[in-house]
Amino acid sequence: MATDICRRVSSRPERSGRGRVWLRSCALLLLLLLPGFGTGGLVLTVDRLEHPALSFEGLSADFSSESRPSIRFERLRVGEQRWRRVELHCDAGGLSGARLWCRDGRLTAGARVLLPGRIDLQADLLGQHVALAIRLPDGGRIELGLNDARLEAQVEALALGHLAALLPGLQGWSPAGSLGGRLSWPLGEEAVFTGQLVDGAFTSADGLQAGEALAVDLSLSLNERAGGWHWRAELDWHNGAVYVDPVYVEARLGVSAEGTLSADRLDVVQAVLALEGVEQLALSASIDLAEGRLDRAAVSLVRADLATIGPRWLTPLLAPAAGERLWYAGWVSGGLRFEHGGVQALDAVFDQAGFSLQGADGGSGLAFGPVSGHLPWRQDATVHAALEIEGGRWQKLALGRFALNAEIRPQSLAIDRLRIPLLDGALVLDRLTLQRDDRGWRGRGEAVIEPVSMPLLTEALDLPMMSGVLAASMPGLTVSPGALELDGALVISVFDGYLQLTGLRVLEPFGVASHLHAEIEGRHLDLAQLTETFSFGSITGFIDIDVQGLELVRWRPVAFDARVASSPGNYRRRISQRAVQNIGSLGGVGAVAAIQRSLLGFFETFGYREISFSCVLRADVCTMSGIGAERPGGGFEIVRGGGVPALNVIGYNSRVDWRELLARLQRVIEDNASPEVR
Amino acid sequence: MKFRSLLGAALLSLSLSAAAQGNLEVDSPAIAALKRSMQQRHAQLAPLYASGAVGLAADGSVALRDASAVPLAQRAQASSLVAAENADRSALYREIARANGRPEWESEVRGTFAQRWAQRAQPGWWVQQGSSWVQK
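Residue numbers (this note's numbering), protein chains in the order written: chain A, 1381 to 2058; chain B, 53 to 188.
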């Protein structure tokens, strides 16, 4: 009859918060209906019980005197953890008066030991006092006491490994560490748990998510509400480190959070995180516990110090290969919204931010800042980004203040016009569109360099001062993974002539193999200005230059087919004694042997008819040739004399080490530029 | 096996087996710079290959496959090392395709390199076959 009544009571579970009432009622009814409970035993079966936090089916408790006591559940659920054939076997126990007891009990689920160690249970069925103690073999202890509708629990040195045995969801994380704490719960009122995790550790199978030496203090309070619980938590992570690929973070972190918990859902209404370098970080989230799925999350970041969070969080996530070459300054605020299995919205607001990428070769690279403005992104909409950049630097060139306005789409961006001041000119990008695919960025646009004066440019680049201007019009700018190609011409008006660069391509611009390709055509360059600029003696006249297949690696030529020749036309053609000697010096001792040495001492300048030489650079060797075919007996003419007095300059060494040639050229320029002290 | 001989062996076998794709042993200043960079990094990667922390992926890249073989405090550095190596490898495949005058061959170069990296891996290193990892 007792069984029937309990079945009837439990098969109609009351809604929220009344679980304890019908459990207690059931126990009382049983007790009252037991014949002579002062001497007898107890046999109880309950078909089913449902509660948001707990349910079971097929409960059978046997505390009769004929057998060792046991309690068995065919199915048991606590929260979202479920077990089958859960059984508590007592080595000794029974019912003495109103006192039900079990000593040295073992908890199993089927053939598996659910919790190692022994369990002692005492229940005063009249006074409704229950005491439960779990003694674990490694010294851990859990004590639970229910007195006068107040549940008290104490946990001492509970190894988290034991929890993994109880909670299958933890088993893939190899949890370790020791948990201690105290729970106080006046039933029907607020439950409060305070505890500490010491020497905590966890790891995923591949080690990509792991923590070690973790020390965490936790305070958690729960209030039963309709359909679940309202909770508040304070967490202080004050020791240890965590790696969540690719981010490594060391303590410390403080979290203050609250939310709700039901059988199948955890809602974080608000969590405020105290993180080094961040003024405020808050988030909310909703997690489907049944599916183990994050349904919704929102993160809000206020004034984060980029110098602190940049290397720790941003570089590993956004540019891991850049490593320590990427530097940050200033502040960022922002927000993130996650929904439908992906990020739906991102917002970053920069305040006096600075970004600097050092060159892979150790050079000064690229820098922008201070940067202020709003950079948004939406999964399903086009949004507008507006940034004010107060300056920047590319290599040695300072960039002026400019504004960046862009239309940001889910997988692409478009910039109608971007004008970056460069000395007294500007680099202008028009109608630039970029799309992102699985290999990187692709796109196209137009580029113009508004005239930059050469005196300012050469000064900025630490080159000898040159007059003229540099300008470019490149209507075909193409971006692809690892390549930037410019279809058009960059023209430098210099030395009363011009240099025109076409076929410009920058390959692997941010890597160690960054290299630039171009074709150069130079026309009517005034040798007098050129030789004076580079302190190479004095040559009057004009030259044309053609460089095919120029390749620069780290701004140093590694390949080209170059030819320098006197420009056509009538003009004065003289070469100074010093220039002749310098040409001789470039060829090395004896390399230019056919200079009419006897004449050199007598005249300051000589007439010439033609200057021409070529250099094919491959593998650090410049293969040279001169005017026309090789002379009978060897050698090639570099300068063919003409007028009075005249001389020929003839080279004999047609294969010249390029690095040695550059070193000699450097020495010649330095020697000639140095003031002569007598 | 030193990195230079490993890369050399891979390139040699590539040039023989992939003649139809052009000369994969082709050299250029950019390729030389990438090889130097990868060679310098190999000293740091070799112990990670040996411990199984890093394996040779089927797409010609390297992957942090068992981070637990690396002390926790060094895992971010290992991850950064893997990212830098993969940036160089991607650039190397592009450069070899470019040096052959056929930039569209990049994926073929990558695939052929992936096979040869796997064949030339030392005993004990981990190699990805399909979606699973196998220790040589």
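There may be inaccurate statements among the hints.
SDA-like cross-link-like pairs, simulated, lysine to any residue; straight-line CA separation at most 25 Å [as the list claims (entries may be wrong)]: (1) B:Lys87 - A:His1897; (2) B:Lys188 - B:Ser80; (3) A:Lys1776 - A:Pro1889; (4) B:Lys87 - A:Asp1586; (5) B:Lys87 - A:Glu1984; (6) B:Lys87 - A:Asp2037; (7) B:Lys188 - A:Pro1889; (8) B:Lys87 - A:Ala1702; (9) A:Lys1776 - A:Gln1738; (10) B:Lys87 - A:Gly1587; (11) B:Lys87 - A:Val1849; (12) A:Lys1776 - A:Trp1707; (13) B:Lys87 - A:Val1808; (14) B:Lys87 - A:Ala1939; (15) B:Lys87 - A:Val2001; (16) B:Lys87 - A:Arg1819; (17) B:Lys87 - B:Gly104; (18) A:Lys1776 - A:Glu1899; (19) B:Lys87 - A:Arg1998; (20) B:Lys188 - A:Gly1587; (21) B:Lys87 - A:Arg2039; (22) B:Lys87 - A:Leu1930; (23) A:Lys1776 - A:Pro1937; (24) A:Lys1776 - A:Gly1721; (25) A:Lys1776 - A:Arg2039; (26) B:Lys87 - A:Ala1898; (27) B:Lys87 - A:Trp1935; (28) B:Lys87 - B:Ser132; (29) A:Lys1776 - A:Val1886; (30) B:Lys87 - A:Leu1896; (31) B:Lys87 - A:Gly1743; (32) A:Lys1776 - A:His1904; (33) B:Lys87 - A:Gly1929; (34) B:Lys87 - B:Ser103; (35) B:Lys87 - A:Val1938; (36) A:Lys1776 - A:Glu1719; (37) A:Lys1776 - A:Ala1687; (38) B:Lys87 - A:Ala1687; (39) B:Lys87 - B:Pro123; (40) A:Lys1776 - A:Val1808.
Derived by calculation from the structure, the hints in this document are not laboratory data.
Each hint, compared with the structure:
1. In summary, the hint linking Lys87 (chain B) to His1897 (chain A) is supported, as the alpha carbons are separated by about 20 Å, within the 25 Å threshold.
2. Using a Cα cut-off of 25 Å, the hinted pair Lys188 (chain B) and Ser80 (chain B) is violated, with the two alpha carbons roughly 32 Å apart.
3. Restraint check for Lys1776 (chain A) and Pro1889 (chain A): satisfied, since their Cα atoms lie roughly 16 Å apart, inside the 25 Å limit.
4. A C-alpha spacing of about 30 Å is found between Lys87 (chain B) and Asp1586 (chain A), which places the hinted pair above 25 Å, so the restraint is violated.
5. Of the pairs offered as hints, the one joining Lys87 (chain B) and Glu1984 (chain A) is violated, with about 51 Å between alpha carbons and a cut-off of 25 Å exceeded.
6. Between Lys87 (chain B) and Asp2037 (chain A), the direct Cα distance comes to roughly 23 Å. Compliance with the 25 Å bound is thereby established for this hinted pair.
7. Between the alpha carbons of Lys188 (chain B) and Pro1889 (chain A) the distance comes to roughly 36 Å, so the proposed pair goes past 25 Å and is violated.
8. A distance of roughly 18 Å separates the Cα atoms of Lys87 (chain B) and Ala1702 (chain A); the hinted pair therefore holds under the 25 Å criterion.
9. Simply put, Lys1776 (chain A) and Gln1738 (chain A) have alpha-carbon atoms about 12 Å apart, close enough for the 25 Å limit, and the pair holds.
10. Using a Cα cut-off of 25 Å, the hinted pair Lys87 (chain B) and Gly1587 (chain A) is violated, with the two alpha carbons roughly 30 Å apart.
11. Of the supplied pair hints, the one linking Lys87 (chain B) and Val1849 (chain A) is violated, its CA atoms being roughly 39 Å apart against a limit of 25 Å.
12. At most 25 Å may separate the alpha-carbon atoms for a hinted pair to count; Lys1776 (chain A) and Trp1707 (chain A) meet this at roughly 17 Å.
13. Restraint check for Lys87 (chain B) and Val1808 (chain A): the C-alpha separation of about 36 Å exceeds 25 Å, so the hint is violated.
14. As the CA atoms of Lys87 (chain B) and Ala1939 (chain A) are separated by approximately 19 Å, the hinted pair is consistent with the 25 Å bound.
15. For the given pair, Lys87 (chain B) sits about 21 Å from Val2001 (chain A) by alpha-carbon distance, which is consistent with the 25 Å threshold.
16. Taking the CA atoms of Lys87 (chain B) and Arg1819 (chain A), the gap is about 22 Å. The hint holds against a cut of 25 Å.
17. Taking the CA atoms of Lys87 (chain B) and Gly104 (chain B), the gap is near 23 Å; set against the 25 Å cutoff, the hint holds.
18. As the CA atoms of Lys1776 (chain A) and Glu1899 (chain A) are separated by approximately 23 Å, the hinted pair is consistent with the 25 Å bound.
19. With a CA separation close to 19 Å, the supplied pair Lys87 (chain B) and Arg1998 (chain A) stays within the 25 Å bound.
20. Of the pairs offered as hints, the one joining Lys188 (chain B) and Gly1587 (chain A) holds, with about 21 Å between alpha carbons and a cut-off of 25 Å not exceeded.
21. At roughly 21 Å between alpha-carbon atoms, Lys87 (chain B) and Arg2039 (chain A) fall within 25 Å of each other, so this suggested pair holds.
22. Distance check on the hinted pair: Lys87 (chain B) and Leu1930 (chain A) sit about 22 Å apart at the alpha-carbon level, within 25 Å; holds.
23. Of the supplied pair hints, the one linking Lys1776 (chain A) and Pro1937 (chain A) holds, its CA atoms being roughly 19 Å apart against a limit of 25 Å.
24. This hinted pair does not check out: Lys1776 (chain A) and Gly1721 (chain A) have alpha carbons roughly 45 Å apart, beyond 25 Å.
25. Distance hint between Lys1776 (chain A) and Arg2039 (chain A) is fulfilled; the C-alpha atoms sit about 24 Å from each other, no more than 25 Å.
26. Distance check on the hinted pair: Lys87 (chain B) and Ala1898 (chain A) sit about 24 Å apart at the alpha-carbon level, within 25 Å; holds.
27. Distance hint between Lys87 (chain B) and Trp1935 (chain A) is fulfilled; the C-alpha atoms sit about 19 Å from each other, no more than 25 Å.
28. With a C-alpha separation of about 18 Å, the suggested pairing of Lys87 (chain B) with Ser132 (chain B) holds against the 25 Å cut-off.
29. Distance hint between Lys1776 (chain A) and Val1886 (chain A) is fulfilled; the C-alpha atoms sit about 18 Å from each other, no more than 25 Å.
30. Proposed proximity of Lys87 (chain B) and Leu1896 (chain A) is supported: the alpha carbons are some 18 Å apart, at most 25 Å.
31. A C-alpha spacing of about 20 Å is found between Lys87 (chain B) and Gly1743 (chain A), which places the hinted pair at or below 25 Å, so the restraint holds.
32. Between the alpha carbons of Lys1776 (chain A) and His1904 (chain A) the distance comes to roughly 29 Å, so the proposed pair goes past 25 Å and is violated.
33. Taken as a hint, the Lys87 (chain B) and Gly1929 (chain A) pair is honoured in the structure, with Cα atoms around 23 Å apart against an allowance of 25 Å.
34. Of the pairs offered as hints, the one joining Lys87 (chain B) and Ser103 (chain B) holds, with about 23 Å between alpha carbons and a cut-off of 25 Å not exceeded.
35. Taken as a hint, the Lys87 (chain B) and Val1938 (chain A) pair is honoured in the structure, with Cα atoms around 16 Å apart against an allowance of 25 Å.
36. For the suggested pair Lys1776 (chain A) and Glu1719 (chain A), the alpha carbons sit about 45 Å apart, so the restraint of at most 25 Å is broken.
37. A threshold of 25 Å between alpha carbons decides the hint, and for Lys1776 (chain A) with Ala1687 (chain A) the separation of about 23 Å falls inside it, so the pair holds.
38. Between Lys87 (chain B) and Ala1687 (chain A), the direct Cα distance comes to roughly 33 Å. Violation of the 25 Å bound is thereby established for this hinted pair.
39. Between Lys87 (chain B) and Pro123 (chain B) the CA atoms are separated by roughly 28 Å; this puts the pair beyond 25 Å, and the hint is violated.
40. Taking the CA atoms of Lys1776 (chain A) and Val1808 (chain A), the gap is near 19 Å; set against the 25 Å cutoff, the hint holds.
Consistency with the previously given hints fails for numbers 2, 4, 5, 7, 10, 11, 13, 24, 32, 36, 38 and 39, ordered from lowest to highest.
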